[in-house]
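As they're listed, the protein sequences go chains H and Y. Just so we're aligned: the first sequence equals residues 15 to 230 in this note's numbering. Just so we're aligned: the second sequence equals residues 127 to 347 in this note's numbering.
Mixed in with the good hints, there may be bad ones.
Not close to chain H: a few residues of chain Y, all C-beta gaps over 10 Å, as computed [unchecked claim]:
(1) T208
(2) G251
(3) I254
(4) A304
(5) E340
Partial list, derived from the structure: chain H residues whose beta carbon lies under 8 Å from chain Y [what the hints assert, rightly or not]:
(6) W35
(7) G137
(8) F140
(9) Q142
(10) F156
(11) P159
(12) G163
(13) L173
(14) A196
Everything labelled a hint here was simulated from the structure, so no lab data went into it. As the structure is a prediction and not an experimental result, all values here were calculated from the model. Positions of the beta carbon are idealized from the N, C-alpha and C atoms, including for glycine.
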Amino acid sequence: MLSQILYALPFLAQGFAVTLWVSLLVVVLSLIAGVALGVGLVYGPAPVRWAVRIFSDTIRGIPILVLMFFVYYGLPAAGLHLQSFWAAVLALTLFKTAQVVEYVRGAVGSIPKGQSEAAMAIGLTFRQRLTSVIFPQALRRFLPPWINGVTDAVKGSALVSLLGITDLMQAINQVIGRTYEAMPLYILGALIYFAVNYALSYASRRLERRFAFIRD
Amino acid sequence: MGYALNFNLIWRHFDKLWGGLLLSLELAVISIAIGIVIGLVLAVWYVSAGRVVRGIIAAYVEFIRNVPLILLVYLVFYGVPTVVDLAYDAPTSFVLTLSVYSGAYLVEVFRSGLEAVPRGQLDAGKAIGLTPWQRLVHVRLPTMLRITLPALSNTFISLFKDTSIASVISVPELTYGAQWINFNTFRIVEVYLVTTAMYLVTGYTLLFGLRLVERRFRAAR
């Protein structure tokens, strides 16, 4: 049993690399899109605010799995042919973006109105107000939940196995298909996911304590 | 772009979606009921326990929270029966998984709820001569439940969405029904539009319903 698992380790490592790659792409892309849409939600004109609100509430109201199947099977019908890898990344990114939008709204909303009024009073432009006054303060509120939410991206990436992408989850299932050693391999997989996510949530808790001195 | 929407085949097989939705709700309700029992018992135990028990409960919570649900679903359905002499069908297996999963989230909810019960209430209970058990059942738990009600509704709604993972072990819930129609009729866009609408309508109806319940209990204070 042990020798079979040792034999499978390089294959599992490859799957793990795919898991990390998917998670990284999703985290980076959703950060960019989420901050842009989040700023739109807080400062945008009414149509933008409404569009972002509907986007976020719709995405957060359905299971990721349904969103993923919708994107994967539905896009070709709309004339867009993506590789399954990119369809999966797109679906997970849409989901994560909606989360980031809410973190941004919460973080920016927690900055007292007096701050932007003061910035306006000394003649800063909108862009200057955002980059020099609001964002540096909002960052402390944004970081802890965001880092904690990175664990959701890593956990969510396990769903890409359902589109036939050989991530860690799929690699484990394939090794089990060969060796019939279900329990040891699932436990090994669980421990790998646990190690990554626990480190992330630990970092998030440390940061939260670091910023605990800030009071509303 | 030669794709024309046609919902006829969806309505013909709508029973797959409707039956699936009912099963999704059923799975979520049973799982949260068991999860509440697990969460309550462990939370009450946690706040009065020594370091070893606390460590074990914390390990359970952290383990579940940091592992993908889909892996836990596979582990319970395909893994556990190979080492324990147990036989269960896929829906039972999934309910088992989701109960243990929600239990881990609810321990945290209830534990922080218990800690949020004002000290004065417990002292007052002591002052009028309630036994520790009476203080727990008549003072601590009711106040704690009122405090945690919003978190409980959120957990329930996210469990309802998590039931879609049951499709990977062929439990015929809503997502499974959608995939069945997808593969058998190829009305892909239509079936996922209808399924999305069903998840949204059910989820937001639950949300508003539960918010009304919360408001009622807050008023009863």
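Structure-based check of each hint:
no. : hint : in the structure
1   : T208 : violated (5 Å)
2   : G251 : holds (32 Å)
3   : I254 : holds (37 Å)
4   : A304 : violated (7 Å)
5   : E340 : holds (19 Å)
6   : W35  : violated (16 Å)
7   : G137 : violated (43 Å)
8   : F140 : violated (34 Å)
9   : Q142 : violated (38 Å)
10  : F156 : violated (21 Å)
11  : P159 : violated (15 Å)
12  : G163 : violated (13 Å)
13  : L173 : holds (6 Å)
14  : A196 : holds (4 Å)
Checked against the numbered hints listed earlier, the structure breaks hints 1, 4, 6, 7, 8, 9, 10, 11, 12; every other hint is satisfied.
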